[in-house]
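Trainee: So you can see what is in the structure, the chains are spelled out below.
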Amino acid sequence: MKIELSVNGERKEADVWPGESLLFTLREKLGLPGSKNACEQGECGSCSVLLDEKLVCSCLVLTAQAQGHEIVTVEGIAEDDRLHRVQEAFVQTGAVQCGFCTPGLIVATVDLLAHRPEPSDDEIREALSGNLCRCTGYQKIFDAVRLAARA
Amino acid sequence: MDILRPDSLEAARAALKNGSVALAGGTELVPLLRDRIVEADTIVEIRHAVPRGIQGTRIGAGTTLGELEVDPQIPDALREACRLAASPQLRAMGTIGGNLLQATRCWYWRLKYPCWLHGGGRCFAHEGLHREHAVFANAPCASAHPSDVAAALLALGATVRTDRRELPIAELYRLPTGDDRRMTGLEPGELILELEVPMPAASTYLKAMDRKRFAFALVGVAAARSPEGTRLALAGMAPIPWLLEDESALDEATPLPGNAYKLEIARALIRRALVAVAP
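Protein chains in written order, with numbering that gives the first Met the number 0: chain A, 0 to 150; chain B, 0 to 278.
So that you can see chain A by itself, here it is in the shape it has in the complex (with noise of 0.2 Å):
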């Protein structure tokens, strides 16, 4: 089936199969790859997006739902050709390891500040603990979101 997207501010037209995930669709048809696909069950975060700027994993979302909403990826966060501040400080603070969750966490970075631009580390935690970082770096990612908030 055709469905039209609106990712990152663009129209956009893919050939889905019904029960296929946004992610699946971002990562596969429209050449999005930001979006990690790790767990698929929702644990990790690693593909998480914004729909109607609300965070969601894309792993749980049928790209048929999507339809009709705004999607922003991580590919979306970045202004023309300078780092959002957010991925400034992920850089600055060496808050990247291997790299699989920092997409995901961009991205839930860039939505907490967003409703919470100060946030306490209590809400830190909180936003943050949909994504999960396997080389377990959470000190300097929590450093990152510090200094993004400050920025």
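There could be a bad hint or two in this list.
Unchecked claim - Dumping the calculated DSS-like pairs for lysine-lysine here, alpha-carbon to alpha-carbon at most 27 Å:
# : chain 1 : residue 1 : chain 2 : residue 2
1 : A       : K139      : B       : K211
2 : A       : K28       : A       : K53
3 : B       : K16       : B       : K111
4 : A       : K1        : B       : K16
5 : A       : K53       : A       : K11
6 : A       : K11       : A       : K28
7 : A       : K28       : A       : K1
8 : A       : K11       : A       : K1
9 : B       : K211      : A       : K53
Claimed, not checked - Calculated from the model, a selection of chain A residues having no Cβ within reach of chain B, i.e. all distances over 12 Å:
#  : residue
10 : N7
11 : G33
12 : E69
13 : D79
14 : G93
15 : E117
16 : R133
17 : A148
18 : A150
In case anyone wonders, no lab produced these hints; they're calculated from the structure. Ideal Cβ placement from N, Cα and C applies to all residues, glycine included.
Assemble chain B onto chain A, guided by the hints.
Mentor: Chain B alone, transformed into the frame defined by chain A:
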């Protein structure tokens, strides 16, 4: 496979025929469809067909956990159960109606072992790993019901309204039997539309899990005090949400060799919960 997106209840009812499955938030169903544990010819997306939102003591089945956890009108036990149920990503999509109908997390079942619950003859958890499994009613199937929200609603004495009847939440669930291995009594195509949740004098939901922020319940304890008394209900302790007469009813549990620890945790959480809701 096909997908339909009806925009009214009537259209949804017409679409929900043999071979179709209702999809709300998708957090439970999408992986089950992908793994072919749930097979369907047609997915019926019911988001625009079932009520969403909170009106006094009535909650639309399409209301997300994320919407509920920040609402000051709803009882504490339900709000806490929603907040502790999953990560922010899942709470943004998952609905309260879908949460009540989620399947067990038993990995033998999820990995499609030919187990009793899948229609086979054995419960692999009994002989294998069962640390997270049921301590009540755990034969012939030791799967544990994961819904925090269901335990909260059971303690609160909620009523479920479907497109064809009203029933106490306790009657939504049934222990599976040899000739009918379903965990709910819903008829094919029957849709949960709304929940009626009476306001208690006090209520709470406490949850023990492997990670601090969220994981499926090892033990969930809901307590609600009303003029008729205090009601306790458990998540993660039986194949269905479990009403507990009082703390001493824990003595009737039949734990497996690897999960008796759950009873110690339950005892501690029940005591804490009773203190929390005491007048």
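Trainee: Each hint needs a verdict: does it hold in this structure or not?
Mentor: Hint check results:
no.: 1; hint: K139(A) x K211(B); verdict: holds (20 Å)
no.: 2; hint: K28(A) x K53(A); verdict: holds (23 Å)
no.: 3; hint: K16(B) x K111(B); verdict: holds (25 Å)
no.: 4; hint: K1(A) x K16(B); verdict: holds (24 Å)
no.: 5; hint: K53(A) x K11(A); verdict: holds (20 Å)
no.: 6; hint: K11(A) x K28(A); verdict: holds (10 Å)
no.: 7; hint: K28(A) x K1(A); verdict: holds (12 Å)
no.: 8; hint: K11(A) x K1(A); verdict: holds (10 Å)
no.: 9; hint: K211(B) x K53(A); verdict: holds (23 Å)
no.: 10; hint: N7; verdict: holds (19 Å)
no.: 11; hint: G33; verdict: holds (16 Å)
no.: 12; hint: E69; verdict: holds (14 Å)
no.: 13; hint: D79; verdict: holds (28 Å)
no.: 14; hint: G93; verdict: holds (24 Å)
no.: 15; hint: E117; verdict: holds (18 Å)
no.: 16; hint: R133; verdict: holds (14 Å)
no.: 17; hint: A148; verdict: holds (17 Å)
no.: 18; hint: A150; verdict: holds (23 Å)
Every hint, counting from the list given before, is met by this structure.
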